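Chemist: Sequences and hints are given; from them, build the entire structure.
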Amino acid sequence: MQGQRQGVLPLLQRLEALPQAYRGVMRGNSPLGKPLLGDYYEPILEQPMQRLYRARMAEISRLPQPIADHWEWQYEGSCRTMPSEMFFHPDGERGPRRRNRENAAKAICASCPVIQQCRTHALAVQEPYGIWGGLSEDDRLAIIGKEITPEVSHAS
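Residue numbers for the sequence shown follow the UniProt record's numbering, so the first one is 1 and each next one is one higher.
The hints are simulated quantities; they were obtained by calculation from the structure and are not laboratory data. Because the structure is a prediction, the values reported are computed rather than measured. All C-beta atoms, glycine included, are put in the ideal place defined by N, C-alpha and C. Keep in mind that a hint or two might mislead.
Said to hold, decoys possible - Listed next, with one range per pair, are the computed distances between beta-carbon atoms:
#	residue 1	residue 2	range
1	72	95	36 to 42 Å
2	126	85	18 to 24 Å
3	71	100	28 to 34 Å
4	99	145	17 to 23 Å
5	97	72	30 to 36 Å
6	96	75	30 to 36 Å
7	73	94	14 to 20 Å
8	111	91	24 to 30 Å
9	73	142	29 to 35 Å
10	73	104	31 to 37 Å
11	99	146	21 to 27 Å
Modeler: Below is the structure:
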């Protein structure tokens with residue numbers, strides 16, 4: 001067993017030195033996130049743009065530094081005492097049910113003391129999901145789209 005372990009460690013060290021895109025996703029049950037004997041890696045050989053289209057998430061490079069002053073406003077939010085399901089839609093929710101839930105969440109946001117900070121945060125990091133600062137996903141997309149769409153002048 002010791003001989004096997006010594007033979008595996010150099011391989012694992014070389015594997016960990018590779019960028020994540022080449023390394024792949026670990027499949028196994030290691031509590032430390034390192035492969036055990038019998039675990040394997042499934043390679044990820046996709047282009048960065050393919051990964052972008054597969055999962056939407058907030059643009060984390062736009063997030064402020066981890067300083068309490070940047071985040072303290074969240075402690076004052078009216079949403080803190082509400083279930084998160086009110087602000088984030090469940091899978092497959094559509095039509096009147098979704099509109100009713102969004103309107104109820106927006107009503108809570110309307111009386112929130114930190115609505116402006118919440119809205120500013122959501123637009124700055126381009127939050128892709130949920131009601132933030134009284135704005136739905138579609139509301140934020142419309143605002144962000146207007147901000148980045150260059151105005152075109154038409155010659156007559």
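Chemist: Hint by hint, note whether the structure agrees.
Modeler: Checked hints:
1. 72 x 95: 36 to 42 Å: 37 Å, holds
2. 126 x 85: 18 to 24 Å: 22 Å, holds
3. 71 x 100: 28 to 34 Å: 30 Å, holds
4. 99 x 145: 17 to 23 Å: Holds - the Cβ-Cβ distance for residue 99 and residue 145, about 21 Å, lies within 17 to 23 Å.
5. 97 x 72: 30 to 36 Å: For residue 97 and residue 72 the Cβ distance comes to about 34 Å; the hint holds.
6. 96 x 75: 30 to 36 Å: Distance hint for residue 96, residue 75 holds at roughly 34 Å.
7. 73 x 94: 14 to 20 Å: 32 Å, violated
8. 111 x 91: 24 to 30 Å: 29 Å, holds
9. 73 x 142: 29 to 35 Å: Check failed, 24 Å falls outside 29 to 35 Å.
10. 73 x 104: 31 to 37 Å: Roughly 22 Å apart at Cβ, these two residues miss the hinted range, so it is violated.
11. 99 x 146: 21 to 27 Å: Distance hint for residue 99, residue 146 holds at roughly 22 Å.
Checked against the numbered hints listed earlier, the structure breaks hints 7, 9 and 10; every other hint is satisfied.
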